[in-house]
Structures are given as structure tokens and as C-alpha cells.
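Protein chains in written order, with our numbering: chain R, 408 to 823; chain C, -6 to 280; chain F, 312 to 656; chain A, 37 to 290; chain P, 97 to 331.
Wrong hints could be hidden among the right ones.
To be verified - Below, computed lysine-lysine pairings styled on BS3-like, alpha-carbon distance capped at 30 Å: (1) Lys157/P to Lys122/P; (2) Lys629/F to Lys122/P; (3) Lys153/C to Lys704/R; (4) Lys148/P to Lys171/P; (5) Lys171/P to Lys99/P; (6) Lys157/P to Lys153/C; (7) Lys270/C to Lys206/A.
Keep in mind that the hints were calculated from the coordinates and are not lab data.
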Amino acid sequence: GSTDQEPKAPEQEQADDAKAVDKVEKEPIEVVIGFTGPLSGPAAQYGKDNVNGIEYGIEHINSNGGITIDGQKYTFRLEAMDDQADPTQTINNARRMRDQLDVPAIFNPVFTSIAPLMDINSEPDNEFLMMAYSSTPAILHLDNDLTVRIPPSFLIYVEAFADIAWNEGWRNGAMLVTLGGYGDEWREAFREVWEHKGGKIVADQPANYYTETDYSTQLSAALATNPDFLLVGGPSEPTALVVEQARDLGYKGPILLVDQAKQDHVAKILGGTDLMHGVMGVPATADVGTEFAQEFKKGYEEKYGVINTWEAVWEYTAIHALAAAMEEAGSVDDPKAIREAFPKVFPLTGEEYPAEMFSMGPRGAIHGFGGVQRIDDNGEYTTPLNYVWWTDSQDVLDEIKGVSQVGQIELMKIDE
Amino acid sequence: MELFLQQVFNGIMLGSTYAMVALGLTLVFGILHVPNFAHGNLYMLGAYVTFFLISLYQFGFWAAVISSMVILGVVGMLVERFVYRPLIGQPHINMFISAIGLLILLENSVAVVWGTSAKRIPHPYPDTVHLLGITTTQQRLIVIVAAVIMIILLQLFIKKTIHGTTIEAVAQDREGAQLVGINVNWVSSMTFAISSAFAAAAASLMAPIFMITPTMGALLVMKAFVIIILGGLGSMQGAILGGYILGLVESLGGGFISAAYKDVFAFGALVLILAIKPTGLFGKESN
Amino acid sequence: MKYNKFLKQNWLYLLLLIAALSFPLVISSRYYIQIMITALTWAMAALSLNLILGYTGQASLAHAGFFGLGAYSLALTTKAGLSFWLALPLAGAFAAFIGLFIGLLTLRTRGHYFAISTLCFGVIVFIVAGSWIEITKGATGILGIPKPTPIPIPFIGELSFTSQTNQYYLVIFFLLLFLFIIYRLVNSLQGLSFMAVRNNEVLAEAVGINTFTTKLLSFVVTNFLVGMTGGIYAVLMGGVSPTVAGSNLTFFWLAYVIIGGVATMAGPIVGAVLVTFLMEYMYSLGEYRLAIFGLILIMAIIFFPRGLVGVFTRLYQKIKDYFGGIRGGGAGQNAAKSRKANETL
Amino acid sequence: MLLKVEKLTKHFDGLVANNHISFDLAEGEILAIIGPNGAGKSTLFNLISGMLPATSGKVFLEEEDVTGLKPHSMAERGIARTFQTTTLFDELRVMDNLAIGYRVRTRTGFWDALLHSSRWRREKEETEAKVMEALEFIGMREYAYHFVSTLTQEAQKRLAIGVALMSDPKIMMLDEPTAGIIQDETDGIMELILRLKERGITVCLIEHKMRMVMDLADRIVVLNYGEKIAEGPPEEISCNPAVIEAYLGGEHIA
Amino acid sequence: MLKLRNVATNFGNSVIIRGVSLEIKKGDFVSLLGSNGAGKTTLFRTIAGILKPCQGTVEFKGRQTNRMSADKIVKLGLSLCPEGRHLFPQLSVHKNLMMGAYIRRRDHKGIKRSIGQVQELFPILKERKEQMAGTLSGGEQQMLAIARALMSDPELLLLDEPSIGLAPLIVKNIADKVKAINEMGTTIFLSEQNANMALKITGRGYVLESGSIIMEGPSNQLITDDVVRKAYLGA
Ligand SMILES: Nc1ncnc2c1ncn2[C@@H]1O[C@H](COP(=O)(O)OP(=O)(O)OP(=O)(O)O)[C@@H](O)[C@H]1O
Ligand SMILES: Nc1ncnc2c1ncn2[C@@H]1O[C@H](COP(=O)(O)OP(=O)(O)OP(=O)(O)O)[C@@H](O)[C@H]1O
Ligand SMILES: [Mg+2]
Ligand SMILES: [Mg+2]
């Protein structure tokens, strides 16, 4: 219940300001930001990683005094609701948060829930910003004016993996990727890119990483085709199992991890990189090399007792972007204005953020970088290679290279 | 051929898990007719207990497994006493609802108390083994052997002592059982204790190979129900055979036809078998 | 006179109907209307489940599967350009048709065997929905289902379903339709056959009821209704994904039926509305919410084995008996008898 | 002949429960089937009513071969039965039990119920009238709204007969209709059976109460170990040495 | 041996047994008569501890048993052959008998002897050793129920309508056997609709009507009583 702290209408605010110009300190107003996602059930940990990132970001924003608009200070509070990845509950939660907490923006990390939210986020007089955490390109195809797509498209990894693998001389790939919207698209995309290059997918053995525990069946079938490399992945924890079981079945070759799985997390579960020689995947945040990343990692792990995942990293950065966009728009409750202000708040670079966001594309996709890192034959991590998805010119890339803290950045041109 | 053997091995390994869980469930569902959908959660709880005994209290692996069985046995008795016994005499479907309630309660309590991130027990026997062209680990072999031993022990206990008949008697006519001097509540308690201990044993043996999460039992319990029905309610041989059949159907169907549809084969097989034989492979009774 | 009697007997239901119809006029909160829409959609699903489970005594655990079939059918047909008003009965018919086929396979089994084999079918629908990417678009699902085609109303314009209020009325309309269908069905000789099968299949068969076709009819009608419900759900959500066939939906609907009162008309609705609102209310409990919900479920079953409607009827009867006793017993008893007579035939 | 049973045989694994049993049932008569426990009497009922499939042999109803039909078709053709252990719809009221008994003569289906067709109305009224009549006939009028589970054994036995009667049967097969009933009330049920006969219903009766059998039956068939060992009018049967040896014992009429 | 003082039992709101007091001494052979629905079965179930009386006390072998669970009472030496048989339908005849001897399951010799005895009483049970109880004929099931009740070698045997569904020869046989069992020292309390048989073999009898004892006395007196004759003997 924060009825007494409801953000005031702009005119009213200005009138207030006029009266109180010389009042030095005004009580900060609390703005509630919404989150709905799976906080129980099989995808609970994934949901929590997202919530943690946003919450951690809000904590930092608030401890730095929040944002100021026309002399009024605003702080944030996150209302995180569980929907068990059930779209019905997602809608109910969103309705409640709009209705009772007047949230201007709602974060959600599950594609099948984001879509119905985008069905109601443009209702007249009831708009809200859809802060979508999903790396599938499908989000953008829904063409919603009030959507912000937070993580970089996974197509970056698809292309990067394919390039690297091709250059290694590998030709036959076997896939054992998670079932589900995200996994299905990943497999499809990779197959397309890989076959376009002239490579072959010799086995496609998907498994439900959320419900299954033994992957021997799929692995045996995949390995029987003698692939040059394995493409596996889903959430980090089961992915670690897959890696381990592949090694148990005698596979010694390279393994590529889709971006949902995080190498450092997998390594932690497997108790080191012994089983991970020749693994390629998304680098640990700390290895990306932004100045802030180390600090973030330390603080985060202290607070939440788990490794910071990329979900946490991007959400942390995104909530900062949202706050900045509000400040820029001069409003905390006009989703349209905030959305329009978004492109102006970039870039958010590595001195202050664990990940970098450079700009926003036409349909609300934030442009960040995607990294690829390999573990060599001695079990040592190599320096990550970073890619930016971009449709613009070399000039812009050069500009980004100028501000970015992440070191080596490559251009990657894809049409989403 | 090598692949085929490998898949058969995988199927047997999976089947061992299934058979163990299904056998525990047979006692309470097949014989006692309590549709304990929370059996998978007791399995999960067993894995957590083993995990904490090993990681917090430095128990050895086997000591932890046995302690976990004992602890879950007690939990099983409590479950029987407070969740199912008050419902005796009511329609079966009410027990089903209360099982769903228990399932939700256990899964979420564990998630709240111990977190949702996956836990891992270090491999006590991590070495790889090669035989007959099959590659596997010692732990997996241990699972298979241990499963067979446990299954035989339980079979002996049920078939060779009067206890098995006692459980059946209680299930078939509670009043009749009382009239011959059986303490029906005690028998129900013991049945749940054995069933839960069995689940804990299965989970603990499997834990080093797999991952421990609050939802690890969700799909498994469903399969266990399918297995019991496939084998025929109340039939121990049915549950064992059903477990191995399901494991093999999954590994061979998944490995050679389609991985995405492997559960469709398993569940579809049941629908078809029941269409032909409505009381399962070894079933005698029809309700 | 006749109306007077009607009012006297049904005042409670009329009151409830008026309350339901005026709900969005009184309550402007989109949140509460949304919850009501959800609750009543689930109530429809629970109502149809009650037909096969409560009245016919067969625990079909494939309910969400058929719900999903209806939802996907509607999604595909409306996206192909069919009007919602044709697509909806088609969705029901599709679910009913598959139901007929599945019924032929599974209805020979009894009790737990039927429950588990239908559960298997439900799981199969779920897996296929997630895996048959060419048709179902896999786990992503089918998006952008158009809202129901507006109904032209002479002189006034047209009734469209883009507003939440009108969607609410759409749900109310179908809920009433379902109630009407089920009420008429169970309060007929056909309904009596259902109950005969539920109570004692062997005897029912012996007195000349073809138990198999009776069960099949109940199963098909049930699936027709839940298929329609799935269609309504799909159009309201604007999209479908495999979650619509998840067996946890079935479990929840079962809980609504049992907690509300099995084999009663009001039970499934009471259960659905109450539990949905309770779950929403419990959000303040944070992460303990679901654990406590599980506990509540267990206690509800233990303390109200015949559901809330059972509790209510007993209370109501007690109060009536008490007053009836004061006014002179005979009349009250007769009234009770004639009401019961109405109930049965 | 109303019913003709020809060489009916039933094997349960090794056990021969009925062995080539043949007999006829003439319209309007009361035929009693007696025999020691386990002789195969109930099994014979189960075979005729279609509850069990026969191993071999045939059943003809009014010259029509009805062997192997489902119980519900048998009921439809006019063979009604009761069960040895009283079987009723115990969750329902007395009147509902009776109404269900008449269901086989009504056609109200899904659409009739939904649209309240003329058939729905006609059959509803018809059923109500039949129920009232049956209540009267079995003498249970005041129990119409009672739940079956609260009835005494005797009332339940009566009701079971009433339910069977509702289907307007040609033949009623009663399996021990007075088991567990005291003498006084046994007489009541005997009277009820006689009234069935008056209505023109053919009755086939299994009973261990010899006095009742001798009083009621026009003819008696005696089974022993699955075989028919005798058939004839009561006077004849009661002096048949084989029957006395196998069943009645020295002092007949217990 | 068995003493009931002012016992009342009810189902929900309806009182079935209304203040019954009776006493049975060791070695007695007592019958209980009553019309259908008089409450005989309810009374037996109350004595056996399946139902709990809402008033009054039940004393068995000097111990108050009205709060005791049924299985404890069985262990004290009471055995009920219930109405409705309550067999274990999916267990074999043999296993049903074994379960009947549950309380003395370690006494293998004794069990063997008892099995021999009941098989002698009902030879069919020997023939059908492995048949599932649920598939027995009605009369065979009744025999099994009686046999199972005997298996626990009780001190007090309650028989609730043992002759139900049995052929005349067998009834006579049972009557003799039950009498013999009583003569060997087992106390028996018998409820029967076949009043003729009951009064012939028992020493004493009670008549129960509408939940109350309306008459009691030596059997040979009851058998000549007009009311009894009319209602129960059909004379
Ligand atoms: N399903 C079955 N499996 C094996 N044997 C069976 C089965 N059903 C019946 N029997 C046997 O068949 C024989 C005949 O049984 P039936 O019930 O017909 O006897 P009955 O003449 O009715 O006897 P009662 O007078 O005791 O009722 C019995 O010995 C019984 O044990
Ligand atoms: N579960 C029950 N609920 C309500 N009333 C019951 C219940 N069981 C029995 N009664 C009633 O209790 C009364 C006594 O029943 P009981 O079975 O004890 O009589 P009985 O003397 O054994 O008769 P019978 O000769 O029929 O066996 C009957 O009127 C019966 O209707
Ligand atoms: Mg019989
Ligand atoms: Mg009785």
C-alpha cells in the first residue's frame, strides 16, 4: 500500500515545484517496478537470477540517491511476483501490479509469458513498458511499441560459434540442446547457419533440461555418429550433467554450450575444468574485462550466495537503463515517453556496469555485446572474443570501440 | 550393434531407477490404494537428506544413504498419519487431492528452506568402466547392482513374511483386517515407512549421478504411476518388469527414433497396452 | 403465483446472477475483473470435469489435454481466417472427436487404470504440442489470435470484444450456457444413467444400462465443453503454448471440483472462484505462499470432505430445519421432499 | 418356451462350475433352482444374464439365440435379475434406484435432455408414474426419499426386486431373495413373489429356504457339483433320494 | 466374561442401540434374536470395538473395552464372524485362513491344527485352498468367514448370522459343530435369523427390538413364547 506516495501528475508536480523551489529536501517518492516470472517450479532458479539482478541494480540506484526529475527525488522498489511461467498467472500478476501498484514497467524472462503481456501493455490508459528478458529474435517480430528487449540476440552466439567451429575445420556437428521455445529456436538457427556454411548436423537429439536427469540415451545416439563437436545446453546445472555424462561415455572432443548455460557455473558444478577441455561458451562475467565486472561479481555472490549469471548481469544493467530513461523522459509514469527516451541513455559502459549496452535498435532491442570464450586443452580459459550485433556501419562500431571497456570487439552483421 | 548395446545398458540403468521408485510406490498405491502423488517428493527429500548428511556432517556415502532411508521412513509415517489416515472412508479422489496438496507443500517448502539452485553430491565412484564395447561409470554399475539387491530384499520381505499379506489384507478389507487382530494403523504406517525409505534409497544412489533440485521427483513420480498401472496394480513383478520396460522403451525409442518424442512412446505404450489388457500386464483386479 | 414461487426457491441464484452481471459495473479495477475472468474460465473447465468425474464417476486426468486440443484448434482455425463464432464450436467438436477416439481406447479400463491412462494421454498432448513444431510452433506457441469477431447489433452498432469488460461478459455468457447444458443433462434420465454408472457399474449394466456408451457419452460431452473452454481461453489470452495442456491444470481443476463440492452444480464454480481469489490473496505471504497453499488444500479435504457446498447445504438445512421445527415440522419436510423430487428427475 | 437353456457349460480354470446344463422355462411359472453351496446356481444366473461368458452352450429367449449378449441387452430383452449379495445404488435414494431400473425402457438421450423435447417430458412422467406404482407394489411408499444405505436388509431385498421389476421383464431371476431375513418377513417376500407371478412374470428363483421353495415353486431344478441332478415338481423333488443325499439331508425342510 | 452396561450406539443422529445391558458367563452359549433392523449387527460391532458406544460400558474378561481398538480386543480373545463376511477378496482361501490366525502367527503348530479342524468342518475350503476368496460362491464365502473367525482360537466367539446363504445340510452341520465348540469351552454369542436352529442349540437367549432388549430367558422357554413363535419361527 503506497497510495499516499503515488507519483503525481506532471502538471501537479510542476505546480508543487513552483511553490517549493527553495525547499531543500523533499521526501523521495518510491516508484514500484514490476517483475513476474517463475519463482517456483523447475525454472525457479532462472527466475531468481533475473530478480536478483534487478533487485541488486535497484539497491545501487537507491543508495546513490535514486533519480531526480524536476527536483523531485525518486527511489525504486521491486515487486517480484511468481507466475510459475504460466501465462494466465503472468497476466493476473501484471494486472495486479498495474492496478494496485501503478508500475510503469514490468520485467518478464519467459517468452511464452512475454507474448500475452504484449497483448495488454498497450491498452489505452493502462500502458506499461514491457521489459522483456529473452534472447530469441521472435520477441522483436511481435512489433510492440512499448517493449524493451534486454539481452543481446542469441544469434550472435550462433554466428560466432559457427564461424569458430568452421575455422577449426570441424564439419559434423551433433546437437543435444534443451527442448522449449528458446532451445528449439537455437537449434533451428544453428542448423540453418551451419548448413549454409556447408557443414552437417549429424544428430539432433533434444532433451528437456528442466525435467530430465539422465541424458545417456541422447548422448549415446549423438556420439554414435562420431561428430566433430557437440552443441549442448540449457540451464547451467543440467548442462553440467550433460557435459559430465558425455565425458563418462568416452567423448573427448569439443563441446559448445548455448548461451543459456554459463561456463563458470558449469565448471563450479563439475568441480573444476577437468571435464571441460575443449568447451566453448559464454564467458564468465569476470573474464569479460569491464572494470566493474569484478566488483559486481564479488558483491553479488556475497549477497545472494550464488554465482552471478548473465541474466543477473543484463537485468542489473537494464534497470539502470530504465532509471536513466525515466530521468531523461522527465517522467516515471508515462511509459511512452520513457520508451522514447530509451535510445538516448546509451551507451552504458564498463566503468559502471558489469555488461555494456551501446544503443537501441528500431524494435526495442538493446544492443550489447556477446562474448565467446574457450577452454583450452590444459583446462585454461582463453581471453574471450566479443561480438556486437549491429546493422549499421563500421563508423558506429569504431565509435563503440572507442567507449567500450571490454577490449576486443568484432562486428557481426545479422538481420533479426 | 555397439550403439544398441549401449542403449540397452542405458535403458537398464534408467529402468533400475524406475523399478526402485515404482516398487516403493507399489506398496502404497498398488497394494494400499493410496494415490500418493507426493512419492516423488519423498524421493527428492531423500536426496536432500543424503546431500546434507554428506556435505554438512561429513557422513560417508553409504552411511548417508542408510541414514537417509531411516529419516525418510519416519517422514513417511508422519505423512500417512497426518495426510492420508484422516481421509480413510472418503472417495479415492479426495486422497488424490490431498496428495497434490502434499506435493505442493513439500516441493515449495524445500525450495524456500534450501533454495532452488541444484545441489550435487561428489561422485564416490567416478571411474569410467569399459566392457563389451559399453562405456560407463562405476557409480552407474553400483546403481544397477544395488537396485537389484534392494528389489530382491523387498520381494523376499513381502512374499516370504506375513507382512506382505497383512498389507494386502488391510487394503482389501480394513474392517476384516481389524477383526482378525491386525493393527491397521500400524500396518499403514509401516507400509509408508518402507515405501519412503525405498524412495530415499533410490534417490541417494542416484544423487551422485544426477542433480538434486526441488522438482527432481516431478516427472519421475508420474512415470512410476504409469509403470505400476502398466504392470498391473498390486503386482510386484509387474512394477519391476514395467520399470525396466519403460527404461528400455525410452532409451531405444529415444535413441533410435526420436528424442523429442521419447516420452510419447512411453506414455503411448501404456494407453495401448491398457486398451488391449485393461488391467495391466499382471493385473487381476479391475479397481 | 408461479413467479412468486420461482423467486422464493431461487432467490439466491438470482442474486448471484445479478451480482455476476453487475460485477464489472461496480468494480472498475482491471485486476479484479481479470481475476474474475480467470476464475470463471477455470470454473468452466471444472464444471465440465465435474460431469465425467462427479456425475459419472470416472476420474479423467486428460482434462487439460482436451482443453489444449480446443485451444490449439481455435488458434489454428481463427489464424486461418475462420470466424471465432464458428471456430469455437469447432474447437469443442475437435476435442470431442479426439475424446471419442480416446474414450474408445481407455473407457474399458476402470478406476485407477482409467485415471492413469488418461493422464498419459494428457501428457502426450502436452509433449506433442511442444514438439510438433510445424503445426504448433513448438514451445513458443501460436501468437496473435484475433479477438472474437464483433457481433453486429442492429441500430446500435456492433459488440466487440477488445475491452476487458466485454471479455468478461463473454465468459459469463458461456459459463451460463455450460451451467444450463450440464444442469439439464444431469437432471434428466440420461443424468440418472451417469449416476447409476458412477455408483455401481455392474448393477447398472444388469438393469439394462449400456455402461460403456453411457461413459462414452459423458466423456465426449465433457471434452466438447472443455474444448470450447480451451478455445475461449486461447482467444482471451491471444495465444496458446504447451502450458495450456499441462497436467498441473488438471490437478488444479480437480481440486476446485472437490473443494467446491463434487457432483453439485455450484461446487466447481465456488471452488474455482474461491481458490483463485485465495491464491491471489496469499501473495502477501511471499515465498511461503505455495507451501501454505498445499497445507490448506490438505486441511480443506480433511475437514470438508464433501466440499464447501456440502458444508453450506448442511448449514442451510440445519437453519431451515430449526425454523421449520418452530413453524410445525410437516410442511418443511414436504417441501424438502418435493425439492428432492425435482432434483432427481 | 420362454427361455431355453441348452447345455450351458462354464469352466473356471480347472473347475467346472456348470456342466451341460439344460432346462426350459415356461411362461408364467415359478422355477426354483436349488443345490448345495457351490453347486453352480449363481454361475448359471450369471451365464443366462450375460454377466459371464459361457464356455459352451446356448441360451434362447423366445426362440431367439441370445447367447453371449451383454447384460444390458439381456435386460432390454426382458431378463432381469437380482444378486445374491444385495446390490443397489447405495448412494442414491430409493426412488432413484427404481427410476434407473426403468431406464432401459426409455430413450431420453443427450438432445432430449438438453432441449426438453416431448420425449423427455413424456418419459419423465412415465418414469414417475412407474416409480410410484413400483413403490406401491413392493410396499415401500414411505421410503421413497430414503437413502438406500439406511434401509434394513429386508427393505433392501424388496427394493432389489422392485428395481428388477421396473424394467418390465419377462423373466425375473432372483438369487436368494430372502437370505438373512427373519421368518415373518420372509413370508412377506414370498407373497411379493406370488404377486409377480400374478402379473404374468416368469420367476426363476434360487433359495435355500426349503419351505419357501416348496410352497412357491411350480418346478424345481436341482444342481450338484455343476450338474443337473434332478428336475420336477416340488413333491417329487422332496422325495428324490439323490436330492436328499446331496442337499436336503435326513429331515427335509429345515 | 462379557458384560454390557447400559450401552447405546448411534449413526449420526439416529440411535440404533438404546441402553442395552447383558451379561454372558464363561462357557455360555447365548443367542440373540431380533427382527431385521433391530440392531443385532450394530450391537455385535459395538462389542467387537468396530463401533464405539456413545454411552455405557462394555467389559470383556474384566477389562473395560469400549474405548479399545478392535484389534486389541481380538488379541484379548474375542472373535467376530461379521455380517457381510469382510473377507479379503483378492487373497486365497488359505491366506484368508492364515490371516484369521494373525494374532497367533508364531504358533505354527497350533495354526496347522486349526486349519485341519476348519477344513474338516468345511471340506470345500481344502479343495479351494488356492482360489481367491472373492470368487467363491456365496455360501462358500460364508463358510470361509466362519472358519476365519475360528482360526484365532477365541475365548468368546460372536457369530452374526452364520447360516446366511448356507444349504440346509450345512446349516445342520454347523449347528452341531458350533455346539461342540461350545462344549469344548468356547463361549459363544450367536445372532440368527434362523431362530429355530438358534434356540435349539443355545442355552439362553435375548430378544432385541428397536435397539432394546425386550425379553431374555432360557432358550427352551423362549421357543414356546407366542411373540417369538410368531415373529421368528413363523408359526
Ligand atoms: N471367478 C471364479 N473363479 C473360480 N471359481 C469360481 C469363480 N466363480 C465361481 N467359482 C466357483 O464355481 C462354483 C459355483 O459357484 P456359484 O456361485 O455358482 O455357486 P452357488 O450354487 O450359487 O452357491 P451358493 O449357494 O453358495 O451361492 C463355486 O465352487 C465357486 O467357488
Ligand atoms: N451406516 C448406517 N447409517 C445409518 N443407519 C444405519 C447404518 N447401518 C445400519 N443402520 C440402521 O441401523 C439399524 C440397525 O441395523 P443392524 O444392521 O444393526 O440390524 P440387524 O438387527 O443386524 O438387522 P439385520 O437382520 O437386517 O441384519 C437399521 O435400522 C439400519 O437401517
Ligand atoms: Mg450363489
Ligand atoms: Mg444384521
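Here's how the hints hold up against the structure:
no. : hint                 : verdict
1   : Lys157/P to Lys122/P : holds (9 Å)
2   : Lys629/F to Lys122/P : violated (48 Å)
3   : Lys153/C to Lys704/R : violated (60 Å)
4   : Lys148/P to Lys171/P : holds (18 Å)
5   : Lys171/P to Lys99/P  : holds (18 Å)
6   : Lys157/P to Lys153/C : violated (35 Å)
7   : Lys270/C to Lys206/A : violated (36 Å)
Violation of the numbered hints given earlier is confined to hints 2, 3, 6, 7; the remaining hints are satisfied by the structure.
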